[in-house]
Structure formats: C-alpha cells, structure tokens
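Enquirer: In case you want the letters, here they are:
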Amino acid sequence: AQSVSQHNHHVILSEAASLELGCNYSYGGTVNLFWYVQYPGQHLQLLLKYFSGDPLVKGIKGFEAEFIKSKFSFNLRKPSVQWSDTAEYFCAVNIDSWGKLQFGAGTQVVVTP
Amino acid sequence: DAGITQSPRYKITETGRQVTLMCHQTWSHSYMFWYRQDLGHGLRLIYYSAAADITDKGEVPDGYVVSRSKTENFPLTLESATRSQTSVYFCASIGTLDTEAFFGQGTRLTVV
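Those protein sequence lines, which keep their order, are chains A and B. With the first letter of the first sequence counted as 1, position 70 gets the number 70 in this note's numbering; the numbers rise by one all the way through. Count along the second sequence starting at 1, add 1000, and that's the number in this note's numbering.
So here's chain A without its partners, still in its complex pose (with noise of 0.2 Å):
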C-alpha cells in the first residue's frame, strides 16, 4: 500500500528559527505532491504544491519545499518562521487519476514568541 510518511509529529521553536519538515511517499511512478496548512479551528488550506518541473517550489507565507524523485522526498522549509506559524502541516500525494489524496499523519508546530 501507498503511504506518506512525515518524521516529526510535533515541533517547538522560537520565533526567527528556521523550520524544516520531512516528507517521504512510497510510490515509484509519476506523483503529485502538496503541503497543507490547517491553523487553529480552520479548515486545510494550500501551502505548495509540484506537479512537474523545477523541483523546488515556493509557496505563500516564504514557504518553500524541494521535491528529489531518488529520495522519494518532499521537504518543506521555511528560514525564519513567526508565531502566526504555529499550525499542523500535511504532507499529501496524489497518484492515481481520481485526484485522490494520501495524507501523512501531519505535524503539529508550535511557534514560541
């Protein structure tokens, strides 16, 4: 079976840190992939996402994520976060034709001033 895998369930750091959260996906073919944000209370919302080309993306916020096909990974960083960065992160692939998406178990960040 597919599966995403995110290595850190939960982190702490202070603000002006730097963050970095790790991805892999168990699929050899041709993937989609995305990061997600859900603040607080809200719904999931769209961090990034690659679906071909330049492997490092940049998506809203100053987040940014490389995709490396021979490492099945989908890192996502950030230089230097801010307290309103406290959220849950997903990773997500898609690789089927039905736009179905496989979700890693997320990870919680806490932003501390």
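Keep in mind that the hints were calculated from the coordinates and are not lab data. None of the hints are false.
Partner residues are not named here, just some residues of chain B that face chain A (Cβ under 10 Å, in silico): (1) Ser1030; (2) Gln1037; (3) Leu1039; (4) Gly1040; (5) Ala1050; (6) Asp1056; (7) Gly1058; (8) Phe1090; (9) Thr1096; (10) Leu1097; (11) Ala1101; (12) Phe1102; (13) Phe1103.
Just so you have them, the derived chain B footprint on chain A, three or more residues with Cβ under 8 Å: (14) 45-51; (15) 103-109.
For glycine and all other residues, C-beta sits at the position ideal for the given N, C-alpha and C.
On the provided structure of chain A, position chain B as indicated by the hints.
Expert: Showing chain B alone in chain A's frame:
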C-alpha cells in the same frame, strides 16, 4: 457565497442513529471527496466522486454511504453511528486533476 461549505459545523449524535453531513460547492467541480481527520492518522479518504452519479470507496468506507445526484452536493451519511466514527470530517473538491483540492471548514461529529 462561492466556495465549499459543510453543514452542520458541529454535531452530537447517539450511537445507532443515522446522521447526514452535507457538502455543497459552488464551482461546479467534477471531483469531490470526503475525508476524516483523526489524531495520529492525518486525513483518510472515506469516499470520492468523479461526477454526478459516479462514486467509489476510499480507504475507510465502512459504515458510510454517499450519493451525488447533483454536481454541487455530496452528502455523507452514517447509517448507524458508532463511537469510532467520532471525528472531524472534511469535504473537498477539485475542478481538474492538474489543480489542488479545496477543503470545506469541516464538521466535528461526536457520537455518544
């Protein structure tokens, strides 16, 4: 308002009761999905639909039923609610397969 809306936002029901969660989107998106969110599992797909009258099971379909008689609506019914179905349910839609999914605000369901 344009977008994808779910109702109710919160629901408490008793074990054994039937409950229906509603999802409505105004974009005429072809693809619609129901996910449940549980701690430690992320989101898991319950059912999906590629168009009106075309639905299929996802990863965790047991105990759920869907229908899609109109493109804009995709209701999810728990035929006989169980405590294990206590969860947050998200509806999502995609217009075309080269775009991202848009999610509703979620329905927090508690089965007592």
